[in-house]
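Asker: Sequence:
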Amino acid sequence: AQPPVQSALDGKTIPHWYRMINRLMWIWRGIDPREILDVQARIVMSDAERTDDDLYDTVIGYRGGNWIYEWATQAMVWQTKLTV
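Here my numbering is used: the first residue of the sequence shown is 1, the next is one more, and so on.
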C-alpha cells in the first residue's frame, strides 16, 4: 500500500489554533499574506473569553477576536475596496 500523498495546499495543524491554518491556499486564492497575518493578529490579541484558553480561535460569541467575526470584518474591507 502506498502512503497517502501530502500536498502543501492541504494546510497543517499549527499549535494554539483549533482550525486548520492554510496560508498557502489562501494566498493562492488571492489573499494578501499581510492581511492574513492582520486577521490572525486580531484573533490572537483578543482579551475576550475563549472556550479553550490555549486555542486562539475559540473566542466565545460574535465579537472582536472571534474567527468568523474577524474574517467577516476583513471581507467587508475587501468589499468596500471593490465598490470604491
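Quick caveat, the hints were computed from the structure, so don't treat them as lab data.
All C-beta atoms in this analysis are idealised placements derived from N, C-alpha and C, irrespective of residue type, glycine included.
Treat the hints with caution; some may be incorrect.
[What the hints assert, rightly or not] Using C-beta positions, here's what the derived DEER-type ranges look like: (1) Thr73 to Lys12: 41 to 49 Å; (2) Thr73 to Trp28: 16 to 24 Å; (3) Met45 to Trp78: 34 to 42 Å; (4) Arg29 to Val84: 34 to 42 Å; (5) Ala1 to Ile60: 26 to 34 Å; (6) Asp47 to Ile21: 19 to 27 Å; (7) Gly30 to Gly61: 26 to 34 Å; (8) Val44 to Ala75: 15 to 23 Å; (9) Met25 to Ala72: 12 to 20 Å; (10) Arg23 to Leu82: 37 to 45 Å; (11) Asp53 to Gln74: 40 to 48 Å.
Asker: Is the hinted range of 16 to 24 Å satisfied by the C-beta distance from Thr73 to Trp28?
Answerer: holds (22 Å)
Asker: Holds or violated: 26 to 34 Å for the Cβ distance of Ala1 and Ile60?
Answerer: Check failed, 43 Å falls outside 26 to 34 Å.
Asker: Between Gly30 and Gly61, is the Cβ distance one that fits in 26 to 34 Å?
Answerer: holds (30 Å)
Asker: Just to be sure I understand the hint, the distance between the Cβ atoms of Asp47 and Ile21 should be within 19 to 27 Å; is that true here?
Answerer: holds (22 Å)
Asker: Taking the Cβ atom of Val44 and the Cβ atom of Ala75, is their distance within the range 15 to 23 Å?
Answerer: About 19 Å separates the Cβ atoms of Val44 and Ala75, which means 15 to 23 Å holds.
Asker: Is 37 to 45 Å a correct range for the gap between the Cβ atoms of Arg23 and Leu82?
Answerer: Distance hint for Arg23, Leu82 is violated at roughly 23 Å.
Asker: Indicate whether the distance between the beta carbons of Arg29 and Val84 respects the range 34 to 42 Å.
Answerer: violated (22 Å)
Asker: Just tell me: holds or violated, for the beta carbon distance of Thr73 and Lys12 against 41 to 49 Å?
Answerer: violated (25 Å)
Asker: Would you say the C-beta atoms of Asp53 and Gln74 sit inside 40 to 48 Å of each other?
Answerer: Because 24 Å falls outside the window, the suggested range is violated.
Asker: Honestly, do Met25 and Ala72 meet the 12 to 20 Å range at C-beta?
Answerer: Given range 12 to 20 Å: holds, Cβ gap about 19 Å.
Asker: Do the Cβ positions of Met45 and Trp78 conform to the proposed distance bound of 34 to 42 Å?
Answerer: Hint violated: Cβ distance 21 Å, outside 34 to 42 Å.
Violated hints, listed in ascending order, are 1, 3, 4, 5, 10, 11; each of the other numbered hints is respected by the structure.
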